[in-house]
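Peer 1: Below are the chains, spelled out letter by letter.
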Amino acid sequence: MQAVAVSALGAATLGTLAVLVFVVFFVLEKGLRAISWSFLFSNPRDMGRAGGILPTLVGTALLPMVALAIAVPLGVGTAVYLTEYTRETRLTRLIRFGTDCLAGIPSIIFGLFGFILFVSMLGMGWSLLSGGLTLAIMILPTIIRTSEEAIKAVPLSYREVSFSLGATRWETVTRVVLPNALPGVVTGVMLGIGRAIGETAAVIFTAGSSLRLPHSLLDPVRTMSVHFYILAREGISTENAYGTAAVLVVSILTVNLVAYWTMHRVLARRSR
Amino acid sequence: MRLIGDKGMRWILLGVALSAIASLLTIALFIFHEGLPFILRVGPREFLLSSEWDPQSGHFGIYPMIVASLWVTLGGMLVGAPLGIAGAIFLNEFCPRPLTRIIKPTIELLAGIPSVVFGFIGVMVLAPVIRQYLGGPGLSVLAASIVLGIMILPTIMSISTDALAAVPNSFREGAMALGATRWQSVHMVVLKAARTGIVASVILGMGRAVGETMAVIMVAGNAVKVPHSPLDSARTLTANIALEMGYATGQHRQALFATGVVLFVVIMALNTVASLAARRRAGAA
Amino acid sequence: MFRSAIRSGCLAAAASLAALGLAGCGKARESVTVAGSTAFQPFAEKLAEQYMADHADASITVQGGGSAVGVQSALSGAAQIGMADLVSLPPEAKALTAVAVARDGIALVVNPRNPVSDLTTDQVRGIFNGQITSWKDLGGEDHAITVVSREAGSGTRSSFEDILTGVKLTKEAIVQDSNGTIRETVANDASAIGYLSHGLISGKVKAVTVDGNPCTTEAIMARKYALVRPIYLLTKGAPAGAAKGFIDYILSQAGQDLIRKDGLIPAR
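Chains as they are written, first to last, in the numbering used here: chain V, 1 to 272; chain D, 1 to 285; chain Y, 1 to 268.
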């Protein structure tokens, strides 16, 4: 009985692994062929049928940057407040509940919200700024959660020593707690980046889909996931679509790997 | 910094912390402000139960979309939950440690693959197979269920694994001391103890499935009818918003916000149930 | 080492963001956003590429979304030029200035493996109404017809339904959100039928003749093929500034030649 059960479970696990690995290999196998130096660094021509994907690489890099510029200060600040400056009160529970709710909202609603508020009402149009603001709200919960974990993990003794040397709370936070919580915070940032890079629904409706290099924050950008979506769906160029997907998947895997690596550094250090 | 002082810093940080709540409130406010009056004006029964979605002629019944979202989510559950839970059990209870250390992170890493990639493979690989061997247009509820199931699998697996790992070893040892085999101790004792965590993982997975847009638009076909079989093409609530958002104005736009309200409420409910379940587990343990 | 890596990364990011931000504030750049019809979008992109090659300081970005997005974004100012391929402009577009820059035929396409090559207008109506459900009734094989249509805000769809009259799209129809996606769906499904801009037909799909008339430039210019619509560029008020420059270019001989060369029909 046990043998049957274990084999079934094992088969299910390996089956899952196989499907996911298949997806990655499918994309890489078809896509790596298209990748070359010129593919990565030249501009697309003919709506993406020919040429490269440089503007989308730039867009994929800049959009998370704008989002992080907003989300990291807000997120880490919130985490610092929740852990260092208050006790557990109704307000903090409310803030946590709000964060959890935010984490569950589907991306299309963020897209709808961003489109109506940033693109239309505030007149920012389809732009890096609209997209960045929308993405910032989307990754805020992740940053808050992981930063909170990281800050809580810093031993109380560090703070006590700092206070006993006469430092203010703020000095303690900035010079002792945060530097020690850095790997954990970075993990959260990396996870946020991973999510932002793969996001399509919210991005199409707020950042637009322009194939030109952005010259300012108010210019529209196209990210790799949007580019892949458009190329693949409209059959503009299957080969370039797969190439874009391959670059996209490799980027996300790399970012997530870095996140795991820093997380393990945190855990290793903690156990020391 | 001396100028502001610690007290001042506290207020600044409070403001920052309230920003998270503020964004949530703004989104909720927006959606409800635009959508709720519409639902009240048209009447919840008409909005939620009418099958006629034809914005041009003023008909805004989202019943087909509700049914579609329901089917696609449940289908995704049927695919993702058994595989995810089975995987969690295997990885946590039976798999040799070194192998687990490789397989678990790999599966979690692969969870980062964007939904559009899954969706496209669904269109290129899955839909033709369904069309050829099972009939129908291929772009169907079934295709969407399978794709969604695979997408939420890692979430369910990882949270269930945490739930299983949280069960104290004394439970397992106690069962085995009474003569149970490994498998018996797992399914009779450990699973029961981890039950709330596993249920929470499934509910969270459902929340993700309900909210998925891109993959569903690509493989579900987006027909505006109530699906009668898994091989029928259907349009989910999220796909409806995405397809018409760019140009809807006036009543039509409000109808889309109202759809957003429905989605919002459903997902909030799912998340609240999941976190209550998780809290109960934490409280009991 | 780790910390210094983070620090330099942050500085680099901050520097590039600051540069972008200042760039946005400083320049009184006239960048033109063109949004709307997915039928005209590829042509608008090519025209924009050519225009920017000729005029170094021009900056034109093209978005899709469908004709209704074109109308809405022109009205809201999200785009300086809206593209709409509509037979009749909706009432809210009265506030906009419309310039017809091309004409386009709507082709009915089926999968190349489908033996059916000609349909009457009544048959087309019947198919999209959902009354005719099998290819057998049209002289083809015994397969259920998969109807593929655009979303409600599409100019191609509105024009299609306006010209054909009496079409209420069957609920069974699969809905896709751009011309290109319809082409791909029909190319992948042997029993599918859809409609798309005749400028976007490729070898992957087969255009059927309607009442014996093929969807070609000649037939359209000879007014034999009925499913034709104009492509309008919409601006709030008379075209001005950079937008006017681009529109003038499209209407010029060079622009119209490019349009004809790429498969669309010039305005006149």
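Hints may contain errors.
Stated by the list, open to error - Computed list of lysine-lysine pairs in DSS-like fashion (alpha-carbon distance at most 25 Å, straight line):
| id | chain 1 | residue 1 | chain 2 | residue 2 |
| --- | --- | --- | --- | --- |
| 1 | Y | Lys224 | Y | Lys46 |
| 2 | Y | Lys94 | Y | Lys224 |
| 3 | Y | Lys171 | Y | Lys224 |
| 4 | Y | Lys244 | D | Lys225 |
| 5 | Y | Lys46 | Y | Lys244 |
| 6 | Y | Lys236 | Y | Lys46 |
| 7 | Y | Lys204 | Y | Lys244 |
| 8 | D | Lys7 | V | Lys152 |
| 9 | Y | Lys204 | V | Lys30 |
| 10 | Y | Lys244 | Y | Lys224 |
| 11 | Y | Lys224 | Y | Lys236 |
| 12 | D | Lys225 | Y | Lys171 |
Please keep in mind that the hints were generated in silico from the structure rather than gathered at the bench.
Peer 1: Provide an ascending list of the numbers of those earlier hints which the structure does not satisfy.
Peer 2: Numbers 1, 2, 3, 4, 7, 10 and 11, in rising order.
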